[in-house]
Each structure stands twice: as structure tokens, then as C-alpha cells.
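K.L.:
Single-letter residue listing:
Protein chains: 2
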Amino acid sequence: MKTLLIVSHPNLIDSGSQQYFLSSIKNREDVTIHHLEGVYPDWNIDVPSEQELLKQHDRILFQFPFYWYSSPPLLKHWQDVVLEEGFAYGTRGKALTGKQFGLVLMIGVQERDYQAGGDEQFTISELTRPFQAMAHKTGMIYLRPFTIFQFAYMEEDQKMDTLIQYWQMLTMENNNSLPTREKWLIEQLKQAQTTLQSNDANTLNYTIELIEENREHIDGLKVVLDQMYHR
Amino acid sequence: MKTLLIVSHPNLIDSGSQQYFLSSIKNREDVTIHHLEGVYPDWNIDVPSEQELLKQHDRILFQFPFYWYSSPPLLKHWQDVVLEEGFAYGTRGKALTGKQFGLVLMIGVQERDYQAGGDEQFTISELTRPFQAMAHKTGMIYLRPFTIFQFAYMEEDQKMDTLIQYWQMLTMENNNSLPTREKWLIEQLKQAQTTLQSNDANTLNYTIELIEENREHIDGLKVVLDQMYHR
Numbered sequence: 001m002k003t004l005l006i007v008s009h010p011n012l013i014d015s016g017s018q019q020y021f022l023s024s025i026k027n028r029e030d031v032t033i034h035h036l037e038g039v040y041p042d043w044n045i046d047v048p049s050e051q052e053l054l055k056q057h058d059r060i061l062f063q064f065p066f067y068w069y070s071s072p073p074l075l076k077h078w079q080d081v082v083l084e085e086g087f088a089y090g091t092r093g094k095a096l097t098g099k100q101f102g103l104v105l106m107i108g109v110q111e112r113d114y115q116a117g118g119d120e121q122f123t124i125s126e127l128t129r130p131f132q133a134m135a136h137k138t139g140m141i142y143l144r145p146f147t148i149f150q151f152a153y154m155e156e157d158q159k160m161d162t163l164i165q166y167w168q169m170l171t172m173e174n175n176n177s178l179p180t181r182e183k184w185l186i187e188q189l190k191q192a193q194t195t196l197q198s199n200d201a202n203t204l205n206y207t208i209e210l211i212e213e214n215r216e217h218i219d220g221l222k223v224v225l226d227q228m229y230h231r
Numbered sequence: 232m233k234t235l236l237i238v239s240h241p242n243l244i245d246s247g248s249q250q251y252f253l254s255s256i257k258n259r260e261d262v263t264i265h266h267l268e269g270v271y272p273d274w275n276i277d278v279p280s281e282q283e284l285l286k287q288h289d290r291i292l293f294q295f296p297f298y299w300y301s302s303p304p305l306l307k308h309w310q311d312v313v314l315e316e317g318f319a320y321g322t323r324g325k326a327l328t329g330k331q332f333g334l335v336l337m338i339g340v341q342e343r344d345y346q347a348g349g350d351e352q353f354t355i356s357e358l359t360r361p362f363q364a365m366a367h368k369t370g371m372i373y374l375r376p377f378t379i380f381q382f383a384y385m386e387e388d389q390k391m392d393t394l395i396q397y398w399q400m401l402t403m404e405n406n407n408s409l410p411t412r413e414k415w416l417i418e419q420l421k422q423a424q425t426t427l428q429s430n431d432a433n434t435l436n437y438t439i440e441l442i443e444e445n446r447e448h449i450d451g452l453k454v455v456l457d458q459m460y461h462r
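Quick mapping for you: the protein sequence lines, in order, are chains S and G. Residue numbers in the first sequence follow the numbering used here, run continuously in steps of one, and reach 231 at the last position. Residue numbers in the second sequence follow the numbering used here, run continuously in steps of one, and reach 462 at the last position.
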């Protein structure tokens, strides 16, 4: 699976949280980072090239700071010019059909403010309806969004947890079951092994074996349970 | 009441429907038309001047074509830079509190497509949550939106009806009762009188008298009804 991460931020260099996440996924073959303001400082979007990029990927993500409950202006401009009738929708516009689409939102206020009675009054699900409608119109599967609330105030271990969930949003198959997460973790550990010193690599190797053993153990227990019920 | 009509359209000159509505309200003292792309072709928004303009008006309207379920990029940029903390929200940001806010949306597809099971899947109320949240955050009263679906396909009399509703959205007090609409109509007719030839002016005068007589008649009937019920 190949993921296209379309990042829109008017001031990416100055954003600590954006840098934290983006720097963690450089040089991954399965993720293409595409920062719109960086590629198009003059806003002159190359429509055929953008459409080709979309075609080459299976999962399309929009990552942006959630100002005034919507995307930065350049991302809206990108939608207006790239998602043409005949490409993204309409009788012959099937280029995106079946792909996955998701949002990665950096949000400055607390999660609990996003509900009736809270300061923001509406939930993230309600406020992102325009993107859900876009996914529907273009035939894409809408993923559960990845929302990061008040990243700057997080403790270090919370940040690490969030980072792992971010990697999953980018590269894990769309299924949050335990076996899927195990499989994904083993893949990540195997990739990490290739760049490590021998001692650390041995530790990783041991971790992988342990996860696989646990899985076999769980599978074995399931077989026993099945037999008990069907006796 | 003074209305600020903030129009955002990347190609206003070429839009027949926008021209139809805008040309009908030129030279009205109670409506300020503010076309963002026209005032800021270089996107260099004068924030203090925009904030001053907002302060001077009681009703703020956003008029734009509803592409990808949201506003054109420049209007989003305007929100991001003009609606600052300390002006539009936050402890000391009360400049917009109590003002009225509304949307005027030009929409290219049919109204019935905007519902579950329809081509667009969501209602206009659902898709405009970000603007409702903005009104809430800034303390503005959210008006029922004025939506114009497939204007180009309308018959001439439908267009005229729509135009009158548009004028009401711009200038009538926020109350759709019969007396309010009568009062509003009489005001419009009186204004029109000043620019007409004597014959047409007489016709208008007669119309105004007729509406006022009808109102007195209705009020009289109400008194009779009241007396009957309280006998």
C-alpha cells in the first residue's frame, strides 16, 4: 500500500508539532510527503501532475492545522482545481474510486471542547462533513480521522504514543484488530533492524519472536475454546 | 440596520448568477458590497480596515459559490487573518458579539441531492457546520442561510421571486412574519418611488395604500376574533 500525505500549512517550518511528525517519516518508500505550500509557493498548481500523483497511491491523507474548522486556503484551491469533473467525479470520473481517504488534524484546543455545550459546540465528525462529502462524491473510503489535540502540552510518553498512532494512520491497513496491529508492528521492527547496531538488532529480533510466540499462543487458546464450545 | 455583504468568487465577472444578484443592489445605503478578490487581487488583506468594516455593520453575510462544500480560498484566508483572537473571540474579543451572520450560497446541483441517499449525501445544514461554529465562537446570531440552487435553469418568474428573497436576506429584519414582510415591502416601495416617473409613482402609492388598508383590515378582524373568544 502506498500513501500520499498531502500537507498544507502556511508556516510549516515554524510549527513544532508538524515538524515532529514529518521528520519521523522521512525516507519511507511507502509514504510520499507532498507539502503544497512548499511545492507551489506561487499557487500555480500543476493539475495533470497532481492527478497522476493521486493515481499512484492507495491512501490519500490531508494533514493540516484545523483553523476555523477547515483547511488552509491552498488546500481548498488544490481541491477546486485538481478534483475536476471527469477525473474525480461524474460519469467518467472514477480515478479515485476505491481509494482510502483520511484527515490528520492538528488542533489547538482541548478535545472536550468539541461537543454540544463545549466551547466549539460541534464534534469533529460534524465539522468535517465537507471532507466526508468529498470522499463520498469521489468514491473514496473515509477513514477514521487522526486528531491531535494540544500537542505542545503533551508529556513525552504521550507524544511517543501519538507518533505510533500517526505511523499506523499512514501505513497500517484499515483494520484496528489486534492481529493487524501485531503484523504491522513486526513489519516496522524488521525495517528498523536493518539500520541498527548488532546489539539493538538482537533486542528487536527477540521482541519480534516474542510477539510471534504470543500470537501462536493466542491462536492455540482459540482452538481449545472452539473445541470446548463444539463438544 | 447596515449589512456587510462579503462576496468571494474567483471569477465574479463571468458568473451570470452573481452578476444578476449584485447588480440589483448597487447604490443602496444600507448594504455594503465587499468583493474580496476585487479589493485584494494580491491577497494582501488590510486587517485593521477589515475589522473596522465589520464593526460598522450589524449583519455580516458571506456570499460565495459552494464548491467542494466550502468557501473559495480567499474567504478562508480572510477568516484566518481577520478573525483574530482578541478581536473576534477570546476573553477580550467581543467585537462581533450580537451581530447577525448569514450565508448566501450559489449551488450548481439540485436541492434534493443534499440529503442522505442523495448524490451529495449530506444536507446544507450539515455541510455548513464550520460556519455555524464560527458564528458560535464569535458570538454572532446565525441566520437561516439563503441558498440558490441551479439558478441558470430557473424560469424568469422564479428568478424574480428569488431576487426578492435575496433582498430580504440583505435588508429585512430577522423575522419572517407577515407584518414584518409587509413593513419591509412598504419601505422598499417608498424608496423606489423617489426614482420613478409620476405615473409609476402613483401606481406604487396606490399599492402602498392597499397593503396598509389590508393590514388595518386584518388587525380589525383580530380584534373581533379576540372579543368573540373572551365573551
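Hints in this document: simulated from the structure, not taken from any laboratory. Keep in mind that this is a model prediction, so the values were computed, not measured. It is possible that part of the hints are untrue.
Unchecked claim - Listing some non-contacts, in silico: residues in chain G with all C-beta distances to chain S over 10 Å:
id : residue
1  : 234
2  : 259
3  : 269
4  : 308
5  : 351
6  : 411
7  : 431
8  : 436
9  : 445
What the hints assert, rightly or not - Sample of chain G residues at the chain S side, in silico, Cβ under 8 Å:
id : residue
10 : 298
11 : 301
12 : 318
13 : 321
14 : 352
15 : 365
16 : 367
17 : 368
18 : 369
19 : 371
20 : 382
21 : 386
Ideal placement from N, C-alpha and C gives every residue a C-beta, glycine not left out.
K.L.:
For every hint, state whether the structure bears it out.
P.N.:
Going down the list of hints, with the structure as the test:
1. 234: Given a closest Cβ separation of 22 Å, the condition holds.
2. 259: Correct as stated: the minimum Cβ-Cβ distance to chain S is 29 Å, above 10 Å.
3. 269: For residue 269(G), whose nearest Cβ neighbour in chain S is about 17 Å away, the distance exceeds 10 Å, so it holds.
4. 308: violated, 4 Å
5. 351: Since the minimum Cβ distance to chain S is about 6 Å, residue 351(G) lies within 10 Å and the statement is violated.
6. 411: Nearest chain S Cβ is 28 Å from residue 411(G), so the label holds.
7. 431: The claim holds: residue 431(G) sits with its nearest Cβ about 45 Å from chain S, beyond 10 Å.
8. 436: For residue 436(G), whose nearest Cβ neighbour in chain S is about 48 Å away, the distance exceeds 10 Å, so it holds.
9. 445: holds, 42 Å
10. 298: Holds, about 5 Å.
11. 301: holds, 5 Å
12. 318: violated, 14 Å
13. 321: violated, 11 Å
14. 352: This hint holds: residue 352(G) lies near chain S, its Cβ roughly 5 Å from the closest one there, short of 8 Å.
15. 365: holds, 6 Å
16. 367: holds, 5 Å
17. 368: For residue 368(G), the interface hint holds, since the closest Cβ of chain S sits about 7 Å away, which is under 8 Å.
18. 369: Not OK, violated: residue 369(G) not within 8 Å of chain S, min 10 Å.
19. 371: Nearest chain S Cβ about 13 Å off; hint violated.
20. 382: violated, 19 Å
21. 386: violated, 26 Å
Violation of the numbered hints given earlier is confined to hints 4, 5, 12, 13, 18, 19, 20 and 21; the remaining hints are satisfied by the structure.
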